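J.: The hints should help you fit chain V onto chain L, whose structure is shown.
Going line by line, the protein sequences match chains L and V. If you count the first sequence from 1, position 78 lands on 78 in this note's numbering, and the numbers rise without skipping. If you count the second sequence from 1, position 240 lands on 240 in this note's numbering, and the numbers rise without skipping.
No lab work stands behind these hints: they were computed from the structure. In this text, all values refer to a predicted model and were calculated from it rather than measured experimentally. C-beta atoms are modelled at their ideal positions from N, C-alpha and C, and glycine is treated no differently. Any given hint could be a false lead.
As the list claims (entries may be wrong) - Below are the PhoX-like pairs computed for lysine-lysine, each with C-alpha atoms no more than 25 Å apart in a straight line:
no., chain 1, residue 1, chain 2, residue 2
1, V, LYS235, V, LYS264
2, L, LYS420, V, LYS148
3, V, LYS235, L, LYS193
Claimed, not checked - Label pairs and their calculated CB-CB ranges:
no., chain 1, residue 1, chain 2, residue 2, range
4, V, PRO30, L, GLN479, 22 to 28 Å
5, V, GLY35, L, LEU465, 46 to 52 Å
6, V, ASP23, L, GLY282, 53 to 59 Å
7, V, PHE262, L, ALA49, 49 to 55 Å
8, L, LEU465, V, ASP280, 53 to 59 Å
9, V, VAL169, L, ALA496, 39 to 45 Å
10, L, TYR362, V, ALA346, 51 to 57 Å
11, V, LYS209, L, GLY191, 43 to 49 Å
12, V, ALA317, L, LYS117, 53 to 59 Å
13, V, ARG323, L, GLN479, 33 to 39 Å
14, L, HIS481, V, ARG323, 40 to 46 Å
15, V, ASP55, L, GLN440, 34 to 40 Å
16, V, ARG323, L, GLU367, 39 to 45 Å
17, L, ALA428, V, PRO249, 55 to 61 Å
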Amino acid sequence: MSQAPTPLSQVIIRFAGDSGDGIQATGAMFSHDSAVLGHDISTLPDFPAEIRAPAGTIAGLSSFQLNFSSRRVHTPGDAPDVLVAMNPAAVKAHLKDLVPGGTVILNEDAFTEQNLKLAGLEQDPREDGTLDAYRVHKAPVTTMTAEALKELALTPQQALLCKNMYTLGLVCWLFDRDTAFVEELINARFGKKAPVLLQANTLALHAGYNFAETTEMFDSRYRVEKAELPPGRYRRISGNTATALGLVAAAQTSQRQLMYCTYPITPASDILHELAKLRHMGVIAGQTEDEIAAMGAAVGAAYGGSLAVTGTSGPGVALKSEAIGLAVMTELPVVIINVQRGGPSTGLPTKTEQADLLQAMYGRNGECPLVVVAPESPGDCFTMAMEACRLAMKYMTPVFFLSDGYIANGSEPWQVPDVKQLPYIVKANHTDVDNFQAYQRDPETLARPWAVPGTPGLEHRIGGLEKENGSGNVNQEPQNHELMVHLREQKIAGIADDISELEVHGKPKGRLLVLGWGGTAGAIRAAVEEAWAKGLDVSCAHLRYINPFPKNLGEVLSNFDQVLIPEINQGQLRLLVRAKYLVDAVGLNKVQGQPFNTAEISAKIQQCLSENLPQTAA
Amino acid sequence: MSEAQVLQIQDSSIGVQDYQKEDFASDQTPRWCPGCGDYSILAQLQRVMPQICADTNTPKENMVFISGIGCSSRFPYYMNTYGFHSIHGRAPTLALGLQVSRPELMTWVITGDGDSLSIGGNHLMHCLRRNLNVKILLFNNRIYGLTKGQYSPTSELGKRTKSSPLGSVARPLNPISIALASQATFVARAIDRDPKLLQEVLLQAAQHKGSAIVEIYQNCNIFNDGAFADFAEKKVRAEQTVKLQHGQPLVFGKQKDKAVVFDKNLQPQVVNLADIDETDILKHDAHSHNPALSYALSQLDYPEFPVPVGVFRAVEAPTYEQRVHQQVVDAKAQQPNADLQQLLEAGDTWTVSE
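Here chain V stands alone, though its shape is the one from the complex:
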């Protein structure tokens, strides 16, 4: 920021410790279909925003929500912050320009499975490998909702939709696996109908320095109702999902009686705790710089395995903005007192006298 810009910003009238969730609700009534999972995500995010602002010392005016195109991408209109509803798949590109030029902002990218993995796949990959300091919320409903029901890159093989009446013939992408392969430094999964988990994950994502991507299983009750019901519904969740927490054993089940282990060929298995030795219980390591375990966990899916939720990976690494600005600092130290007149005259010059 130039000095002129800095001087023009007035002091915030509310301290970062004093926000309420209502401060984050805009005057626009959400227009998602009744029963859409997006309402829950909006509610949980608004609920944790005050704590995010307090914990990270971020005033509300420094929050920016950038979205692409899709039902997910209507999100910014309902948040009383700076928001930009941009073009399909390209939110990470706007975030790149914004964050590099204004690294003090907290930028959220709101996207969907089509927006981020179909048209936007390239930008997502590059955003993550740069470790741009953005929080990416990927609302995965395994369908194209806004355009009324075509299959998406995360729809299961054989999915019958308006554009695939005979069933989709491409295998789906796994967003968590893609994120890990792109070297994302924070990768997590949450579910729209598990508010407690969602809040926890959102808080951690907000506190992470670098790219934080959260896949949120979101139910589209109009075009793909029940896509996650087999494991996401409250009554089956304990048996069909495993909560990932750094340092905690990969134990699940209503009675906490089952575990996920990997054999010596790195093949996963579900075992009864009673049948194994305590020392064989695998503890989750989210902080390892080697993403192999996180990747292996990302491959677990219903029905053979419990679906992992929570934080797959959380590692520290310099952010893109830090690296860029460090180069500016270093370059200025090497060549101080740079002057525009000098620069203009730096080429092949000569003087014509009177």
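With the rest of the complex left out, here is chain L:
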């Protein structure tokens, strides 16, 4: 029995079951456990839009994929090695993604006639050959969980909610881990509020572990070693949490009140939930009556001198457009977070996409420029949230922060910064009475003064009508309007001197550059590293500033024969790059509500390189 565990450098495991089965909690706990054990991790939660879709159906499925490794990982993995399927629907929907010869762990109790029917299956996949190509392990999860908890004062339904812990116990054994840390997590969650649930979940966890150990359901165990992460203090963080923390850090380092004004919308609501817990740190996070009120409140708060932020998704940005235009015209600092999701319209609320770039760039009436930044990973949300706040206040402009469902809900290890090392940005309110005009401009930044109500002697009026440059009086004169349009444009363009240049990974010159933005960073990086292993001439670069672009972008593009831009949209960055740099960039466009597979980008890289022979063959 006690064979040595088989060493593996990486495992990709996907948990799938009813959205009421605790799949997300199981996945999150296992991810956390993996991170604490020292693996590099990347996660992909995938859940339906409905709160509780009909149990047993395909529509009701929720899944969670984790890639844990002793090497650096960039993505949650293209195809799982292990599928944990809690019901027949999970097998039906997810089996096709499993690697050939991969492992399936089934809850055999869930394979009832009724469940087969709900999943739309005519025959039982355990019997009809569907699973022949895989290594299948069955466990009576439901009955064993009920049995383990029969002495406790729980209803049958409550007991069965612990199935996911039983499964987690099985999986812990499979990967040669003890259950100690998971028990700590269970205690943290239930210890104080519900001791009977603490007991139940712990018993279920042990029961699953013991079942795996005793019954030899698995013929071997596996072990993944620790990854080599730089020394320091780490935490597992999701993009939304990192965004919230970045805002709090920006408020502290700029010594301003954080006013987070928002309306709940998937997948951005968690930012509100995080910030709402921080009243004790003086953070005011409020829920307004609608999306428009959220942006209006942010404008009002910025007018009063606060660090004003609003957060939403695509449909909310659409509603806010007029108020964003007001912020551009009144030149007030507001950070607008868009956690992008599948569109158009209501679209796919819980699926990822990055198709709101052109909306951020142009979705307002008139010539209405503003800053657009985009984090590239969950941890980068912290850094770019701080950057968005810095740029908004320094340049007196709204700033779009384009996150997406994939990095917002996904997680990775994040090295916790030392607060004392964070840049302190203290921008003063204007108080000089003798030297004040509402629209006089700082010669370097072109920003107007931040003169807030309550400051004696600076009483002035602002608003949405066009202004005379300098005085800020309402002015409709032709030359002034054109001047103001130019100035608003130049103010944003000038920011290129104040942001970091674009870094290229790989050779600085070559045949092919893969250029991306937002949540595609991991998949692009993984694909390019795979290409290097094959000796291919390809480099990659990832934009975190999109308006303005980094000032060396043109030069970078000119150093490559071809530019490939993979995007989860129909080519929005591609359109901007082509228009500005007259580069014949090629796109790889996937719009399925899913992130890229590394394999998809690898295939395209190969295609680009084989189709396009070098220009100078002499």
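T.: Coordinates of chain V only, in the frame set by chain L:
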């Protein structure tokens, strides 16, 4: 406000007791049409501003006027205070963000019947139910003036305008009733051409802690001239309006010979004082937490009844800002010494050693 912000505010050079009405006039000449009721409202407000500042201990720099879009909404440009001419219907949303973050300011929302009850209806309702500490002046001219003469949500049924040549087919909203249904803690009505009443009401609104909404019947002499003439003109006012004052009987008429009473089915009636017993004279109660009487009064309209003017309701309740900031205070007391480094490390953490 952060400490940095507080430290940067200099002392006001004029004491709050020493303002003159001229201090509140900006250098911009108003561009409303000659004869517009807005001139009167501007004049009365500027006239009472010094007393408001003195009574509420508010320095001029703490006054903010936020407007939406409409003729009403040009108002901030003519006041020598901080002002924000924002977007249609959304002034209460800016006021929300401003007031919650800067509760020491005195924020006025200047709006109109279209701005506040058409596009802005939702925000108005929520502002009032929150009891945000703002003074809302609703210039009701029962028409869309700025866009040159379409009907508004307060235009009477059958109103013929450029956009309703065959007559409007929707019943109008009653701003006072809407305000009361939204739980507004101060609700009043005034008339542009009754300066004394207007000043009185503005003063009381300014002193109120919480949302104070004042509907001001304002004559648009270009697109809806005479909309209120039947009861608002000086010569008919005494007979056609009833002044509401807390604790005072609902008596009206040039000779103070008529009263408004409600029968046992809560149906209103106009009676001659001579015909009723003194004990049956109804006294106005503006302070009741039950708004039923105020609501019933809000339904009285010309010609069957005298139009009520003055203060319908004035009750005390915690403001939104107070509740929010109390939560911050309580939360800080529960979890003192909160630290950013601690917060960053609060999740699932581990250490990778050298």
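J.: The structure should be examined with respect to each hint, and the outcome stated for every one.
T.: These are the hints, each one checked on the structure:
no.: 1; hint: LYS235(V) with LYS264(V); verdict: violated, 34 Å
no.: 2; hint: LYS420(L) with LYS148(V); verdict: violated, 59 Å
no.: 3; hint: LYS235(V) with LYS193(L); verdict: violated, 72 Å
no.: 4; hint: PRO30(V) with GLN479(L): 22 to 28 Å; verdict: holds, 26 Å
no.: 5; hint: GLY35(V) with LEU465(L): 46 to 52 Å; verdict: violated, 24 Å
no.: 6; hint: ASP23(V) with GLY282(L): 53 to 59 Å; verdict: violated, 35 Å
no.: 7; hint: PHE262(V) with ALA49(L): 49 to 55 Å; verdict: holds, 52 Å
no.: 8; hint: LEU465(L) with ASP280(V): 53 to 59 Å; verdict: holds, 56 Å
no.: 9; hint: VAL169(V) with ALA496(L): 39 to 45 Å; verdict: violated, 56 Å
no.: 10; hint: TYR362(L) with ALA346(V): 51 to 57 Å; verdict: violated, 39 Å
no.: 11; hint: LYS209(V) with GLY191(L): 43 to 49 Å; verdict: holds, 44 Å
no.: 12; hint: ALA317(V) with LYS117(L): 53 to 59 Å; verdict: holds, 57 Å
no.: 13; hint: ARG323(V) with GLN479(L): 33 to 39 Å; verdict: violated, 50 Å
no.: 14; hint: HIS481(L) with ARG323(V): 40 to 46 Å; verdict: holds, 44 Å
no.: 15; hint: ASP55(V) with GLN440(L): 34 to 40 Å; verdict: holds, 36 Å
no.: 16; hint: ARG323(V) with GLU367(L): 39 to 45 Å; verdict: holds, 42 Å
no.: 17; hint: ALA428(L) with PRO249(V): 55 to 61 Å; verdict: holds, 58 Å
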